[in-house]
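Here the sequence shown stands for residues 419 to 489, where the numbers follow our numbering.
Watch out, some of these pointers could steer you wrong.
The calculated label-pair distances, taken between Cβ atoms and stated as ranges, are [unchecked claim]:
#1 465 / 428: 40 to 48 Å
#2 487 / 467: 31 to 39 Å
#3 438 / 479: 22 to 30 Å
#4 483 / 452: 16 to 24 Å
#5 429 / 475: 34 to 42 Å
#6 421 / 448: 36 to 44 Å
#7 468 / 423: 34 to 42 Å
#8 483 / 426: 16 to 24 Å
#9 450 / 430: 26 to 34 Å
#10 478 / 436: 40 to 48 Å
#11 487 / 458: 21 to 29 Å
#12 451 / 422: 42 to 50 Å
#13 483 / 455: 41 to 49 Å
FYI, nobody ran anything at the bench for these hints, they're computed from the structure.
C-beta atoms are modelled at their ideal positions from N, C-alpha and C, and glycine is treated no differently.
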Amino acid sequence: MTKILFIIYIVFLIGFLIFSSLGIYHLWRFGLEGDDSKKIIIGYSIFVILTILVSFIAIGALDWQATLPSF
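Build the full structure now, drawing on both the sequences and the hints.
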């Protein structure tokens, strides 16, 4: 069960990274010069990288031998 959840998380990350890169591209391509687009891109990229790193650290700290409670 935990392997399935991990695969779902990886698929989610791939989709998230695709949509994020498309959003960053559009902001870079169509953002106005005076509206701080580059600062927003940098801030968003740093936030996303830190969030993904923290999630990998949290996943690495899980006890994969433990069983999930049955509902």
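Hint check, failures only: 1, 4, 5, 7, 10, 11
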